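Number of protein chains: 2
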Amino acid sequence: MALIVQKYGGTSVGNIERIHNVAERVARAHRAGDQVVVVLSAMSGETDRLVKLAHEATPMPDEREMDMLLSTGERVTIALLAMDLRGRGINARSFTGRQVGIITDSAHTKARIARVTADRLREALDQGVIPVVAGFQGINEQSDVTTLGRGGSDLSAVALAAALKADRCIIFTDVDGVYTADPNVVPAAKRIDKIAYEEMLEMASLGAKVLQTRSVEFAAKFNVPVEVNSSFKEGKGTLVTREDADMEAVAVAGVTGDRNQAKITIVGVPDKPGIAARIFGPVAQAHVNVDMIIQNMGQDALTDLSFTVPRADLRKATPIIQGVAKEIEAKSVSITEAIAKVSLIGVGMRSHSGVASKMFEVLSREGINILMISTSEIKISCVIDEKYLELAMRSLHSAFGLDQVPQGDRSGK
Amino acid sequence: MALIVQKYGGTSVGNIERIHNVAERVARAHRAGDQVVVVLSAMSGETDRLVKLAHEATPMPDEREMDMLLSTGERVTIALLAMDLRGRGINARSFTGRQVGIITDSAHTKARIARVTADRLREALDQGVIPVVAGFQGINEQSDVTTLGRGGSDLSAVALAAALKADRCIIFTDVDGVYTADPNVVPAAKRIDKIAYEEMLEMASLGAKVLQTRSVEFAAKFNVPVEVNSSFKEGKGTLVTREDADMEAVAVAGVTGDRNQAKITIVGVPDKPGIAARIFGPVAQAHVNVDMIIQNMGQDALTDLSFTVPRADLRKATPIIQGVAKEIEAKSVSITEAIAKVSLIGVGMRSHSGVASKMFEVLSREGINILMISTSEIKISCVIDEKYLELAMRSLHSAFGLDQVPQGDRSGK
Numbered sequence: 008m009a010l011i012v013q014k015y016g017g018t019s020v021g022n023i024e025r026i027h028n029v030a031e032r033v034a035r036a037h038r039a040g041d042q043v044v045v046v047l048s049a050m051s052g053e054t055d056r057l058v059k060l061a062h063e064a065t066p067m068p069d070e071r072e073m074d075m076l077l078s079t080g081e082r083v084t085i086a087l088l089a090m091d092l093r094g095r096g097i098n099a100r101s102f103t104g105r106q107v108g109i110i111t112d113s114a115h116t117k118a119r120i121a122r123v124t125a126d127r128l129r130e131a132l133d134q135g136v137i138p139v140v141a142g143f144q145g146i147n148e149q150s151d152v153t154t155l156g157r158g159g160s161d162l163s164a165v166a167l168a169a170a171l172k173a174d175r176c177i178i179f180t181d182v183d184g185v186y187t188a189d190p191n192v193v194p195a196a197k198r199i200d201k202i203a204y205e206e207m208l209e210m211a212s213l214g215a216k217v218l219q220t221r222s223v224e225f226a227a228k229f230n231v232p233v234e235v236n237s238s239f240k241e242g243k244g245t246l247v248t249r250e251d252a253d254m255e256a257v258a259v260a261g262v263t264g265d266r267n268q269a270k271i272t273i274v275g276v277p278d279k280p281g282i283a284a285r286i287f288g289p290v291a292q293a294h295v296n297v298d299m300i301i302q303n304m305g306q307d308a309l310t311d312l313s314f315t316v317p318r319a320d321l322r323k324a325t326p327i328i329q330g331v332a333k334e335i336e337a338k339s340v341s342i343t344e345a346i347a348k349v350s351l352i353g354v355g356m357r358s359h360s361g362v363a364s365k366m367f368e369v370l371s372r373e374g375i376n377i378l379m380i381s382t383s384e385i386k387i388s389c390v391i392d393e394k395y396l397e398l399a400m401r402s403l404h405s406a407f408g409l410d411q412v413p414q415g416d417r418s419g420k
Numbered sequence: 008m009a010l011i012v013q014k015y016g017g018t019s020v021g022n023i024e025r026i027h028n029v030a031e032r033v034a035r036a037h038r039a040g041d042q043v044v045v046v047l048s049a050m051s052g053e054t055d056r057l058v059k060l061a062h063e064a065t066p067m068p069d070e071r072e073m074d075m076l077l078s079t080g081e082r083v084t085i086a087l088l089a090m091d092l093r094g095r096g097i098n099a100r101s102f103t104g105r106q107v108g109i110i111t112d113s114a115h116t117k118a119r120i121a122r123v124t125a126d127r128l129r130e131a132l133d134q135g136v137i138p139v140v141a142g143f144q145g146i147n148e149q150s151d152v153t154t155l156g157r158g159g160s161d162l163s164a165v166a167l168a169a170a171l172k173a174d175r176c177i178i179f180t181d182v183d184g185v186y187t188a189d190p191n192v193v194p195a196a197k198r199i200d201k202i203a204y205e206e207m208l209e210m211a212s213l214g215a216k217v218l219q220t221r222s223v224e225f226a227a228k229f230n231v232p233v234e235v236n237s238s239f240k241e242g243k244g245t246l247v248t249r250e251d252a253d254m255e256a257v258a259v260a261g262v263t264g265d266r267n268q269a270k271i272t273i274v275g276v277p278d279k280p281g282i283a284a285r286i287f288g289p290v291a292q293a294h295v296n297v298d299m300i301i302q303n304m305g306q307d308a309l310t311d312l313s314f315t316v317p318r319a320d321l322r323k324a325t326p327i328i329q330g331v332a333k334e335i336e337a338k339s340v341s342i343t344e345a346i347a348k349v350s351l352i353g354v355g356m357r358s359h360s361g362v363a364s365k366m367f368e369v370l371s372r373e374g375i376n377i378l379m380i381s382t383s384e385i386k387i388s389c390v391i392d393e394k395y396l397e398l399a400m401r402s403l404h405s406a407f408g409l410d411q412v413p414q415g416d417r418s419g420k
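Residue numbers (this note's numbering), protein chains in the order written: chain A, 8 to 420; chain B, 8 to 420.
Next up, chain A with everything else stripped away, as it sits in the complex:
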């Protein structure tokens, strides 16, 4: 008898019809003899509706009150699913984040889980009850409702799976797994059978929106096997798990593309010690994440310094950089929004050499100029002209053999 945490997202519980489907899926796992804990999001659209109400009430809604408001969405779906299951003669019970003991800090609207007691959950499971738990929410030490930020229900599910030492945490969503690339961009993309936590983290933070980043970190930390699967069709999904030998057999697991970047170049920076700190200190203080940084030594002891920031932060970063540039007597500041980042990800890079040079070669063959490069142990990213992003992704996907079913059991179908 396995203990399985099943999490269903907003579109999977978007209306009563879909809640019936979830009930059937839960009932099936129950009849198959598994112990099931269900974690739900709010109905799709409900959170947006509540946010809109809040902004109609007042321009800058208080965050504690926002949590009181938003946490209602999940209570609605857990009650509906629990009554649906009970109507089928299945002993289900809804529980709030508080009731299952998800204790967080007090950072309202983006709280972090401090601990999970799960006492009441264990008790329910011992009594043969199927607990239906509200995702996205917890309480702080003052017993006030908190929420875990966008995608927080994934985190709730993984945290409960960790606390219960569940055999698996299945994230049911509207896609059937993690792909070697975005299938909308790369039609030849294949579903990956098994992916390492680290790879998934890189995928998630680089724009593959399947799993919330913090939930992957949490799963890795507590070694929770997470499966991503479709709530709308039957079949295999993607298992996110510890790195193993199979995974290392393949150099590149996936290709990602990210358009949410902008490039800032400070031209003619006097090359003196401490200059970098004077530039990036104020940027960090404004909570702007700088991603890549490159420095080109020019003549006259002047260098050009380029770096990327999230496109959404550009408006915030620009005046700061212009101020600093003036202070340090740089020549000028230039900004480019029309860039994109293409990345190759794979734990196999640790043992396979030549991935980077092959990547540069492929891009060069396609006539794509590389503006910036950054590498980590399991990732290589190149910043390129935005208009070449799709071409770059497709070429790399093909060149690294991802169009075919690769060796090992990394990829499905």
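For the record, the hints were derived by calculation from the structure and aren't laboratory data. Remember, predicted model here, so these are calculated numbers, not experimental data. Heads up, some of the hints might be wrong.
Identical copies look the same in the list; a pair holds intra-copy or inter-copy alike.
Derived SDA-like pairs: lysine to any residue, alpha-carbon spacing no greater than 20 Å straight-line [to be verified]:
1) 59 - 21
2) 59 - 24
3) 228 - 205
4) 228 - 249
5) 228 - 122
6) 59 - 27
7) 59 - 95
Using the hints provided, position chain B relative to the given structure of chain A.
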């Protein structure tokens, strides 16, 4: 500095515009120097929407799950009002039924309040915070959410006022008080300035839907002065309070009409001891409330036994009565739905004689036949043909001097 509990019903918080109005009203009381505790219902229509969802999910929704579902409505309004107030620079905070310590039994969907701790509420008030509390909800000893039944927010407000020993509990609603009769039926009806708990109870249970009956009982028990007032306009309301000399000066405080009754007559009942128990035992077991009973002695040791039941219970009661009638060898059973009950209410009846005879005289003068009569210390009710109800109410209202502003300060303008 007075401590005031203000309760706003569903229509008073039915949209953001109205929530703004409530915020302004609360802010005004706060600026005037009062300590204010606000209790809210769900937005009008929201509870119905959730009930509909539940019945779409499953035909007979589980009651614990129903409470989980329904209790979300009040959480939405308290969050919205609290953020609205905070947006105006007023230190308000939302609290759930659990957070203010409304502890109930486990009778889900119709729970009874066991005790109110209100610790967190006192703490908030001491800190100058305006607590905005979710009405209608509490938790049981297992820490599961419960609800107090329709109109339960009135009860929440009165219970909190009792726990805090508040100076007044104001129920803001869509009418500006309690009237001497339903103004839709009796255009000359006047708002009553002050009414005794007992009178209000009779009014409430006889069909004046201004205040939930249990909340009046609770107010009487803990001597909480309750004011009924309009949330849409300014002015005096009705104060529900302890009986006093002013009230006794007037024989009749109000006239009520009730159409939700049906009359069942068992014809030709053998007049033997124990017959009444054999008839009414099974009716009580089916949870049908029998209101009035009369017995007419006929010839041959046979009597006719008539009684009234709520019209909604008629379908449930009829087969039971037909079964019993057969068993006790009564002649037949006849059922009349087209009846109504007109009542006069007033604590002054205790000291004024002749109210009953005057009532019969007025009805007789109008050619209205009295089918049944029942009296209590402060009430006289007559069952009449339904079609005469409005006529009866208007005639009695006028005959007992309620069309004029009466002596004492019982009635307003």
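Here is what the structure says about each hint:
1. Both within a single protomer and between protomers do residue 59 and residue 21 lie at most 20 Å apart by alpha-carbon distance, with minima of 18 Å and 16 Å respectively.
2. For the homomeric pair residue 59 and residue 24, the shortest alpha-carbon distance between copies (14 Å) is at most 20 Å, but the shortest distance inside one copy (25 Å) is not.
3. In this homomeric assembly, residue 228 and residue 205 come within 20 Å of each other (Cα to Cα) only inside a single copy, at 11 Å, whereas the closest approach across copies is 65 Å.
4. For the identical chains of this complex, residue 228 and residue 249 are intra-copy neighbours only, at 10 Å inside a copy versus 64 Å across copies, given an alpha-carbon limit of 20 Å.
5. Taking the shortest alpha-carbon separations for residue 228 and residue 122, only the intra-copy value of 14 Å comes in at or below 20 Å, while the best inter-copy value is 44 Å.
6. For a Cα distance limit of 20 Å, the shortest separation of residue 59 from residue 27 across copies, 15 Å, qualifies, whereas the shortest one inside one copy, 28 Å, does not.
7. In this assembly of identical chains, residue 59 and residue 95 lie within 20 Å of each other by CA distance solely across copies; the values are 19 Å between and 36 Å within a copy.
Comparing the model with each numbered hint stated earlier shows that all of them hold.
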